[in-house]
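Number of protein chains: 2
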Amino acid sequence: MAKNIKTRAEDYAQWYLDVIKAAQLADYSPVRGCMVIRPEGFAVWEAIQRDLDRRFKETGHVNAYFPLLIPQSFLTKEAQHVEGFAMECAVVTHSKLEHGAHGLKPGGELEEPLIVRPTSETVIGHMYAQWVQSYRDLPVLINQWCNVMRWELRTRLFLRTAEFLWQEGHTAHETEQEAEAETLRMLEVYRAFAEDVLAIPVIKGRKTEAEKFPGAVKTYAIEGLMQDGKALQCGTSHNLGQNFAKAFDIKFLGRDNKIVHAWTTSWGVSTRLIGAMIMAHSDDDGLVLPPRVAQNVVAIVPIFKTDEERAKVAAFVEKVVRSLVGDEEFEAARTRQQGEVASYFFDKITHQRVIVDWRDARPGDKQFHWEQRGIPFRFEIGPKDVEGGSIMVKRRLDRAKEVVKLEKMTAQHLRTELAGVHQLMFEKAKKFRDENIRDAGSYEELKTILAGKGGFVRCFFKQDKSVEARIKEETKATVRCIPSDTAEKRGKCIISGEEGQQVLFAVAY
Amino acid sequence: MAKNIKTRAEDYAQWYLDVIKAAQLADYSPVRGCMVIRPEGFAVWEAIQRDLDRRFKETGHVNAYFPLLIPQSFLTKEAQHVEGFAMECAVVTHSKLEHGAHGLKPGGELEEPLIVRPTSETVIGHMYAQWVQSYRDLPVLINQWCNVMRWELRTRLFLRTAEFLWQEGHTAHETEQEAEAETLRMLEVYRAFAEDVLAIPVIKGRKTEAEKFPGAVKTYAIEGLMQDGKALQCGTSHNLGQNFAKAFDIKFLGRDNKIVHAWTTSWGVSTRLIGAMIMAHSDDDGLVLPPRVAQNVVAIVPIFKTDEERAKVAAFVEKVVRSLVGDEEFEAARTRQQGEVASYFFDKITHQRVIVDWRDARPGDKQFHWEQRGIPFRFEIGPKDVEGGSIMVKRRLDRAKEVVKLEKMTAQHLRTELAGVHQLMFEKAKKFRDENIRDAGSYEELKTILAGKGGFVRCFFKQDKSVEARIKEETKATVRCIPSDTAEKRGKCIISGEEGQQVLFAVAY
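Chains as they are written, first to last, in this note's numbering: chain D, 1 to 509; chain P, 1 to 509.
Hints listed in this document are in silico derivations from the structure and should not be mistaken for laboratory results. Wrong hints could be hidden among the right ones.
The list treats identical chains as one, so a pair stands whether inside a single copy or across any two.
PhoX-like mimics (lysine-lysine), calculated; alpha carbons at most 25 Å apart, straight line [stated by the list, open to error]:
(1) Lys-96 - Lys-212
(2) Lys-77 - Lys-105
(3) Lys-348 - Lys-57
(4) Lys-305 - Lys-348
(5) Lys-472 - Lys-218
Extracted from the complex, chain D is given alone in its bound form (with noise of 0.2 Å):
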């Protein structure tokens, strides 16, 4: 077998590259810094769209669209705002192509460029200020789904490119308080979503003022530890107070008869977390799927070699198969159109598969192809296994092997598998988080660690942009965040001698 994946010990940034390949979840797109999404990388985002959106609806949340594109005086409205987004931005104007001496070219210039998304709190403002007049119009409690660019120099597959896919939900209060409970409740949402979904063990914390978004007052994240040590912001929750509410004249009659502008909030996780679940669980033989958000569940892998055992050994497979979806799901899987790679639904919901290969390939080829893309379970079933009426199940996690009795294989005994497959991802994950976080009792120790183990580094820190700016120039680390755990913790500051709080340092992605 040709070595497609290169280890994380040669080149973890390599590895990072080869694993998406063999695994096709994503391409660069003729566009720079564009990525195409391939179905295998789609079927994770889907997953993580399905469970995250029930979380929305659950606390409350309703989704909408709004347009993709924005006037570009609307981001001038919020100063801090303008400062963080004009500097990267797709710019859109004119309004169609038009035959010149040399082919096409832009013709019908617009009156004012318009922008495409790399955020919408402008446009939402926008909208809310005509939506809510009174203290009964509030909450607005909103959710997009939607695809953002900004123009970045350097990109990565899934952790930065030009466009991605996000959600970001928009929400309007009549209290400062409850704004600051829904900014909390969503960090809550993406910390159970990420440690529950995807196993990535994460630390909730806020940013530092130096790190905070672009207009926020406040902003949340959770921050994930990834393989080589390095730090990945997973998802942020932002407290926007009134500045947005003043920027686009969200106003509304409260229950005292006078007019007040509305607290908002925003938050929201993205494509990215594609990449932070390939850098937290794969290995140096590719892909390693969390198991709910695995497409296909269990890859079979008949082994045969003449015309009567293959026989033998679909006639097996079948009982296999229909033990796991039953026996409605295997009669309507027949009248579907399929290719060599036979696929029954085993959960309609999720619409999470079990697959059988019978390509017409070596069954070596088959396992590898399979394990590179992270199933969580490869069966292998040959002449053997179907007289001893067991299957070999390999778990691609730690490639532990077990033979299994056909009649022990029900979708309940699978169902408790990959429920356990997750458990022992997630406590791995933290495991190594764990391990990889070291404290530092002075500047001295801090640059030590992160040059030489990396992780993060706990220690006292008093905000301060510049310093924060100077450690950074130093040694690319910056706050990832003040733990929320440990947020009333005080004590000398490892720069200054002063007073300040406990925080994390990493080098991030």
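Position chain P against the provided structure of chain D, taking the given hints into account.
The following block gives chain P in isolation, referenced to the frame of chain D:
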């Protein structure tokens, strides 16, 4: 109650806009021709997506995501395609905003302008060329849910806007026959969806050469009839032959060891379907939602004067809600963030809900409020109903009222009632449609019918682009399709007298 909706007879176009406004389905945005799809409208799109996505997956398709921006040069590779789409598109020419003398101005001019996708055949063709090498890589069966832009001059909410949401399926096949089978398969998926979910009867058929998609060999469509007698194209499916495969070099090594071009298809439906749904079913009192896309299937309006009455009514409402959604969901809903309108999931998969309107408003105002939003059933529950142990059930479709005993109001009963409403809506729309198909034996007859009652005019016609252009000029009508059911029929063309096919003419949206 102030009359906020014009009647259809008074002003059909204004009625349409009034229905959308009263039901809060959509608003115009600050960017010309772009709309904001509000939560009530977006819920319909989500229901459409959920159902169609399942149908796509059950026919073997997977989802992926391709970039928003397309290099200008791509558009010119297929000769007909560029003429169809270059003339009204959003052109990105710059990659940032810079501070200039008069505020911000576009900076970082791009070497090649980029087009916001009007449709994605070109960029997807470019990617397929890289993915497809052998017949073993075929078929490729990919769908994309996304936003697209066409710089339309005259816009109308949902029906024609500069930006809209859609899905575009793009498939590549080994043979011409397979591509044609796929084109027809997806046309049938659209027909079944339109009729079984939106309750809109549609006619399947093929487009004339004059009306086909720019770059297609054959275009098929489903056509619906709106209440004003105009036709509306509800979905299209294109057999692209080898046109795009040749333009983008999608080639593969066939079973006979020869390298040949693939055969491709594309097919799509858009947020236009929401416009079709509104125009097909709504009445002078506002929106009428087909039950399968209604986010809220029941709105309960409690009626009480005193606190004592309120308590009694509340206890009874609780029994009704528990009976419909189950005790588990009733309890879970208590812990969720809620406004004065309590909501309970009736169906966890579709997110359809039962709501109870506890707002401090008059019962009549509440009835009016939910009626205009098209909710299939409203339950009125006052002290007398509590005493009788029954519910006053009002059906939105036809204002039918029925007193139903609490014991009878189970989830199963409601499901049956909702299915009944769907059936009634479909039959009503089908009766209207069938009554509005009229035969014409001559061009004079065609004109007379179109100038009178409108609807579909059935006649024999020999295809001729210039004749079709003239008829459109003179009558505003176009050939909507050559119906699939009667594709073999031949008769005397109403214009030329030569042999023609049976077609349907209509004025269309």
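Here is what the structure says about each hint:
With identical chains, the CA atoms of Lys-96 and Lys-212 are at most 25 Å apart between copies only, with a shortest distance of 22 Å across copies and 38 Å within one. Taking the closest pair of Cα atoms, Lys-77 and Lys-105 come within 25 Å of each other only across two copies (15 Å); inside a single copy the shortest separation is 32 Å, beyond that limit. For a Cα distance limit of 25 Å, the shortest separation of Lys-348 from Lys-57 qualifies both inside one copy, at 20 Å, and across copies, at 11 Å. For the homomeric pair Lys-305 and Lys-348, neither the shortest alpha-carbon distance inside one copy (34 Å) nor that between copies (47 Å) is at most 25 Å.
Taking identical chains as interchangeable, the C-alpha atoms of Lys-472 and Lys-218 lie at most 25 Å apart only when both belong to the same chain, with a minimum of 21 Å there against 59 Å between chains.
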